[in-house]
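A.B. asks: Line by line, the protein sequences are chains F and H. This note's numbering puts the first residue of the first sequence at 1, with every later residue one more than the last. This note's numbering puts the first residue of the second sequence at 1, with every later residue one more than the last.
Source of the hints: derived by calculation from the structure; they are not laboratory data. Please read all numbers here as calculations on a predicted model, not as lab measurements. Where hints are given, some of them may not hold.
Said to hold, decoys possible - Computed list of lysine-lysine pairs in DSSO-like fashion (alpha-carbon distance at most 27 Å, straight line): (1) 57(F) with 26(F); (2) 108(H) with 57(F); (3) 78(F) with 88(F); (4) 78(F) with 81(H); (5) 20(F) with 81(H); (6) 26(F) with 81(H); (7) 78(F) with 57(F).
To be verified - Computed list of chain F residues with no C-beta within reach of chain H, every gap over 12 Å: (8) 20; (9) 23; (10) 36; (11) 38; (12) 41; (13) 51; (14) 60; (15) 74; (16) 77; (17) 96; (18) 104.
For every residue, glycine included, the Cβ atom is placed at its ideal position computed from N, Cα and C.
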Amino acid sequence: MASHPPTPMLQGTLDLLVLKALMVEKRHGLGIVQRIQEITRGAYTVSPGSLFPALHKLEESGALRSSWGTSTNNRRAKFYELTTAGRKQLHSETAEWRRVAGAMSAALESA
Amino acid sequence: MWQARCPRRWSPLDDELRVSVLSRVGALWRNVFRRAHWQQLLDDELQSYVDLVADQLEREGVTREEARRRALAETSVERSKELTRDVWIGARLDSVAREARHTVRSLKRAPVFVCTVVLTLGIAIGGATSLFTIIKGSLLRPLPGVAEPDQLVSVEPVRGSTILYDFSYPDFVDFRDQTTTLSSLALYDGTSVAYRDSLATGRAWMSYVSGEFFATLGVHAAAGRLLSSDDVRPETPVPVVVIGYEFWQHHFHGDPGVVGTTIRLNDFPLQVVGVAPAGFVGAMTLHRMEMWVPLTTVQAIFHSAFTVPSRSDATGRLVARLAPGRTLEDARRDLTTIAARLAAVYPEDKGHGVIVYVGAGMTQEERDELRRLPTVLSAAVAVLLLVACGNAASLSLVRSRARTRELATRLALGASHASLATTLILESGVLAAAAGALGIIFARFVVGWNVVVQGVVGMPDADLSLDWRVVAVSVSCAILTMVLVSIAPLRATLRVAAGAVLKDGASGAGRRHSRGQRALVAAQVAASLALLLSGAVVFSAAQHALAADPGFDARSVTTAFLTPFDIGLDSARQDAFYRAILERAQASPSLEAAGLATSEVPAPWARRSPVFRNGDAPHPATSRIQRVDHGSMYTPTGCRRARWRRSTFRSSSAAALRIATMSTRNTLPS
């Protein structure tokens, strides 16, 4: 597990990270946690107390779909994958995030 | 065409929205109706997560037990499950259901409190609802069976501030012909008559009306025809009558063949030409009319010769319908102008004016008289409701002292403020709803209880269906009170640090709202005292009135009402009739004594009947029987126990006489 000091997560970031983590393939809960750690270079360790509420919320809103399957080490696990709506949400939220992040950087770099 | 040229633009957002909405609805369905299954899946999911973490730790070289222990600690399964369930759609519903169960449990533990609050509020709600229903159903009810009752206006003649009630026929004709603001006017009045036909005899209320009466009220016949202007010409060959629907059903069993038959009113024959529609009872709310005759036949029915109506004869009341687009103000201005014109021309109308008001059925005086009682009662019932709410409030506050501790505990254990508020509001809501239900049952019972209804408004045919607006107002009063009260303990708990409450018990919080509670108790005692005192005053006045000595023993008196004049007996035959009936009454073994009186025997419940002692003459100004003709006299001999023994009774050829039969067995002479 990552030993970095945890970075406080911005509002709405977790959903985007979850969607991003599932962009390529379907994953189970722990897989998503690990993928997020990986793509954020260890900055974010998502706890189950945040992960599962986020997953369930996204699933209820139709962005994710879930199914039970078998993990690589032969454990029964619930896998999540993006739906078409989820993919669209990922795109629009990514664009939105870029816009905000760009604006913030520009603001902070200004004299 | 237009659609073909302008196709609807398809936005990708629509698709997303549809998916999202459908998906959420599905989720809500699952969460509400397949909750247990869903919970099980969540359990499985977290278990699998723990297993996966443990596997990973094992792979990193941790022992199996240690890996399992750490995986469990890291996952904090229960907390994660709780957090996940909280985001589920419909989670609030579930928590409300949980709170409701909690509420029921907590109320079950305090049955005395629940019963007291529910009964107190229920009785008050029931009382207020039934009273306002009765008032609304009777006094505020428009005239039944007429078209567009809000377009009807009543007109009364006045001299200065004195109301004269009735117009003369010539005045009516002038108003009718000169008005520009009324589409139609009618003159009417009513009296009671004796009827006789092949089936039965009896008494009925009869209205005598001008030809425009039914047209003005917008009423159409249920059978045959109604009266028209042609019927009021003195030269009409056959006198006619229209009977009421109820009378038709009751007396003729709804036989359509009744049209064309003859019915005798005061032994004067009239031909039935039609039946008024169901529900229509005439234009006098306080008297349910059963038949209508043209104004011009009244004299014949009462066995006097027809005379051309004069301007000095007060003949009847006036009801009118506003012309389309005209207002009450227009009519008032118009009729005042006409009245002034008449007053200037005719000496009989000198100094006369008119009052005009919306609605028909009751004279201004009747309205004022009837309104007085309900006003007093309404105030009393409003105070009662207030006291009941106060009672419930103070009971809840006392209970809340004990609960402050419970609430603080829950708060310390992590319950949210919202969830505590939900509990308290739900609890009050449940109590108020129960009280509302009880109140409605109580109100239905009260309005169905004729004695009570007649006690409030002595009016037949009141429309006594419960008015849901009234119910809503009373129940909202109760709910509002209870909810406001329920907030008090929560505020107290939040003000005092939870720890302090837990340490000191409930006393700290109790002291804090004791001032408000004292004020509440003071207000409540004051209101209760006011009610109690006014109740005592009314009760003692009633008792005083009942105990008043009428001058004779009224307990075994039976009274019959005789009107030989109505059937056209002349003075000498009337005297013979009275003498004969008195002799028969006195000879009856079931009667101890019998006598004749010009007025009702002043029973304890009689209101305005004056008693004339020996030698007294009724004063025309103060007496209701001012038209007594001092003809022959009858002295009831042997009226035992009565100070009336030496009283003088007069017969009359002009006014109805009553026979006062003083009986020990309370039966009429047979």
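A.B. asks: Does each hint fit the structure? Answer for all of them.
C.D. replies: Each hint, compared with the structure:
1. Under the criterion of a C-alpha separation no larger than 27 Å, the hint pairing residue 57(F) with residue 26(F) is consistent with the structure, at around 17 Å.
2. As the CA atoms of residue 108(H) and residue 57(F) are separated by approximately 37 Å, the hinted pair breaks the 27 Å bound.
3. Among the hinted pairs, residue 78(F) with residue 88(F) is consistent with the structure: their alpha-carbon atoms are about 23 Å apart, no more than 27 Å.
4. About 15 Å separates the Cα atoms of residue 78(F) and residue 81(H), which keeps this hinted pair within 27 Å; it holds.
5. Distance hint between residue 20(F) and residue 81(H) is fulfilled; the C-alpha atoms sit about 24 Å from each other, no more than 27 Å.
6. Among the hinted pairs, residue 26(F) with residue 81(H) is consistent with the structure: their alpha-carbon atoms are about 22 Å apart, no more than 27 Å.
7. For a cut-off of 27 Å, the pair hint linking residue 78(F) to residue 57(F) stands: about 15 Å separates their Cα positions.
8. Remark: the non-interface label on residue 20(F) is consistent with the geometry, its nearest Cβ contact in chain H lying 18 Å away (cut-off 12 Å).
9. Once the 12 Å rule is applied to beta carbons, residue 23(F) is consistent with being away from chain H; the minimum gap is 18 Å.
10. Residue placement check: residue 36(F) keeps its beta carbon more than 12 Å from all beta carbons of chain H (closest about 14 Å).
11. Remark: the non-interface label on residue 38(F) is consistent with the geometry, its nearest Cβ contact in chain H lying 14 Å away (cut-off 12 Å).
12. In this structure residue 41(F) is separated from chain H by more than 12 Å, as the shortest Cβ-Cβ distance comes to about 19 Å.
13. Here residue 51(F) does not stay apart from chain H, with its beta-carbon only about 8 Å from theirs, under the 12 Å limit.
14. Chain H draws residue 60(F) into its interface by the beta-carbon criterion, the shortest separation being 4 Å against a cut-off of 12 Å.
15. At roughly 9 Å from the closest C-beta of chain H, the C-beta of residue 74(F) falls inside 12 Å, breaking its exclusion from the interface.
16. For residue 77(F), the shortest C-beta to C-beta distance to chain H comes to about 5 Å, within the 12 Å cut-off, and the non-interface label is violated.
17. No beta-carbon of chain H is positioned within 12 Å of the beta-carbon of residue 96(F); the least distance is around 14 Å.
18. Chain H leaves residue 104(F) outside its interface by the beta-carbon criterion, the shortest separation being 26 Å against a cut-off of 12 Å.
Checked against the numbered hints above, the structure violates hints 2, 13, 14, 15, 16; every other hint is satisfied.
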